Amino acid sequence: MDIIVCVKRVPQTAEAEVKVDSSGKDIIRDRLTFDMNESDTYALEEAILLKEKFGGAITVISLGSVEAEDTLRIAMAKGADNAIRIKAEDFGELDGYKTAQLLGSVIKDIKHDIILTGCLATDDYYAQVGVALAELIGIPHATLVTKIDIVDSKAHAYRELEGGLLEHLEINLPALLTIQTGINEPRYASLIAIRRAAKKEIKTVGKADIAGGEIMQHSTLEELFTPPVGKRAEILTGSMDEIATKLTDIIKGKGLL
Amino acid sequence: MNFDLTNDQKMLQNQVRKFAEAELAPVAPEIDKSGEFPWDNIKKMAKLGLLGIIVPEEYGGSGFDFVSLAIAVEEISRICASTGVIVAVNNSLTAYPILQFGNEEQKKKYLPQLCSGEKLGALGITEPNAGSDVAAMESTARLEGDHYILNGTKRFITNAGEAGIYVVFAYTNRELKHKGISTFIVERDTPGFSLGKHEDLMGIRATANCELIFEDAKIPKENLLAQEGDGFKICMNTLDVSRIDIGAQAVGIAQGALDEAVKYSKERKAFGQPICDFEMIQSMFAEMATKIQAARLLVYYAGYCKDKGMPRFSKESAMAKYYASDIAVEVARKAVQIHGGYGYSKDYTVERLYRDAKILELYEGTSEIQKIIIARDLVK
Amino acid sequence: MVDIFALVEHRQGVIRDITYELMTCGRTLAEKQNAKLTAVLLGYNTDTFIDNLKSQAHRLLVIDNEIYKEFNAETYQMTLAEIIKKQNPMLTLIGHTAFGYDLCPSLAVHLGIPFTTDCLEIDVADHKVKITRQLFDGKLNAHVSLRENPSYILTLRSGSIPAQEGTLSTEIEKIEAPVSAEPDYRKFIEYIEAAVGEVDITKADILIGIGRGIKDQANIALMEDFASAVGGVLACSRPIVDAGWLPKDRQVGSSGKTVKPKLYIALGISGAFQHIAGMKNSDAIIAVNKDPNAPIFNEADYGIVDDLFKVVPVLKNKIVELKQAKG
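Residue numbers (this note's numbering), protein chains in the order written: chain A, 24 to 280; chain B, 1163 to 1542; chain C, 14 to 340.
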């Protein structure tokens, strides 16, 4: 089973302070750490588990700057066989659609039975690249997948819907599945695998290598800004004992004590 | 000249950092409290190849260099100093002397066990009456038929309580003074070998630090490392190497303390503003960060000297170990200071880091010994 | 007159709340644009749905066929593509839900229409679309414009526009399904209900919600203690479930349970929108978080900016004392 995994290197912002830079269109990046997007790490792990079960080769692809090669190399250390970087520096501002077209133009020449992506990138929050990509290359898709079974060369995917409900569907291969976090337990790369991966080549694809029509962009980021403050909580202050007293008064006031 | 990490070093750093943050951070405060040896995590680290970082693949190791070992130990120690030294001891105090001085049978027999975590390693030099003065050791070994009969007591031995393979030093000929010291590989189930007191330490509390007691312990003749009388040379060379990763441990503890202090200073308010806005705090941060970076470069350089195959790098590794230990204690102390009273409470990580840091100035040669090594190189 | 489409979302025979939010959004835009709002309903046995949707839009376009009984992105895409091609709405609104995730990007790509996802606010002027959305784990907002085009497709985040009563008179128009069967390459099999645990967090009066800030699985016991002292039940945000520290049935949020307790105490939860979506209708919310800028403080009634491990023990003792004094 040949698998393609699309991964993205993103700033780790969940627990970091994020500030807008002077252009007003980007964030100050130098103090942030960058790593593989969270749900992509689950997608990669799922690909490795499928490969361990069914054999085949895994190709990881990232549209990113040269630093994304570090991310791709770690993916190879974990178990991917080949890696391709599409040179983001060649393509200017990217939206989900443009990203999907660039990925698609590379993927169409690579044999695959399944394409896996994360369900959402934590930097742009679009959750659209995987599905747009599936449509562009003409294969079926399912999003938010939390379990995959392969039965009679078809995929049974379990999608996570709202409220904890799962949707079980059957999908023909090749298909594209976007993977939700928690589907598996992503591994760490072993040191030996790291040493081997360090020597592996990463193929790069630039503007000159991408044939075909115009790459179109749908959306343009005009301005980044700190969200307006909504209804704010009344912040309780004082000694810990005073705070606890205020809290118990509030809880009592609701008739809950 | 090039300050960039190589691709494999960058990846190693990334994965070890992730591992440490996800797997070590949750248990670090607990094992500090209980003193329990972190076997679960040691086994996970064995699987990743962290117990044999500098051991070649043919002996079950990961085949990395000493700069890489330093990077790994720094990342681990940033989160858990106990785990950091457990890994350092297994690599450079046990696997390294066997790799460097052992014969092929010894390497084939012991290195894979050390790398897989099947048996952990420990090193026995220090004795109740012999610390900095190694040649004052009282342990003796005499050859009787196919066995050496080992007598003596080793003290403050990291990993001792949980290890399976010990590299132990003893006199085979007292008259030759330090040239009469020999080195033995001792297995845990050796008759006449037992564990003594478990030390209740101030810091690095989860390191199974114990006494080794040898009472007519029977060591097979073939477990002599190198030749009789090579012990002192093995000891000095091993310490030169291990000081690189004790330096790395110091950098890790210091970095951990600085990270905690910066985070706290943004959260904590005094006089109506976050304390990170105060210049006195900022001055401390500037000093801490600069010293950490200087120490890290000294550590990397010492590792580089070893990796390059320089025959002697005692001065370089002594400088790295001395300086990094010194600033780690200082940085941890300042991190406590920045936390104010909370820094003195066990609720905050810096309290543990401050206790953990102190050992750095004491083990693998005190700071005073490091200075002697450095100075001797200048005036000899 | 131009048309704005808003897609009705339903599951297991029930219209989902996002539908009314989409209609509210659509009515506002239609009024501003002097456009007509069309609610598009694909379903099977749609009579009750139709009743529920009266007054929501100017027009209700109904395609009733067994193939729409359950949601299948491919069937929906083929159908909507036909309708949009024929009727040329200037804007099609879809929920940014598990349904919309699956449908919007491929539908838009298929039609070659500019699209974007996860909009918080949508503004249309002179046929140009400007939207507001969140980036970087919800820490920043952005204004995004779309390439000018006669038609657009957008998905709207749940809960970003509060649903309002509709007051329009709705003309109902039924049309035949333009497709005849679910495609054979993607088939709906079944829904699987979440396993029922011992505890039903939706029934509790007091919920203690824990998040990343509890740091360590070992601290779960401490939180359990606190919850039982308060007389509440432990719930959590997604990272706690992903880490395997609590079972899935304790998860509050868009992919977990929606809860409305009398009191929700959020401990070490920063307040990602997916979590907020599941608990914002609680009667009272108390949040404890070290980060004064944590979005949870925008939802909470009362906040404590401090380490939860300092707050919890003191609060627990106080409550135990009070209960003993009473008892």
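In case anyone wonders, no lab produced these hints; they're calculated from the structure.
Only a predicted model underlies this, so the values are computations on that prediction, with no experimental measurement involved.
Every residue, glycine too, gets a C-beta built ideally from N, C-alpha and C.
Do not take every clue at face value.
[What the hints assert, rightly or not] Some chain C residues near chain B, calculated using beta-carbon distances under 8 Å:
#1 Q230
#2 A231
#3 K303
Tested hints:
Hint on Q230 of chain C holds. Least Cβ distance to chain B is approximately 6 Å, under the 8 Å limit. For A231 of chain C, the shortest C-beta to C-beta distance to chain B is roughly 6 Å, which falls under 8 Å, so the interface hint holds. Proximity of K303 of chain C to chain B holds as hinted, the smallest CB-CB distance being about 5 Å (cut-off 8 Å).
Checked against the numbered hints above, the structure violates none of them.
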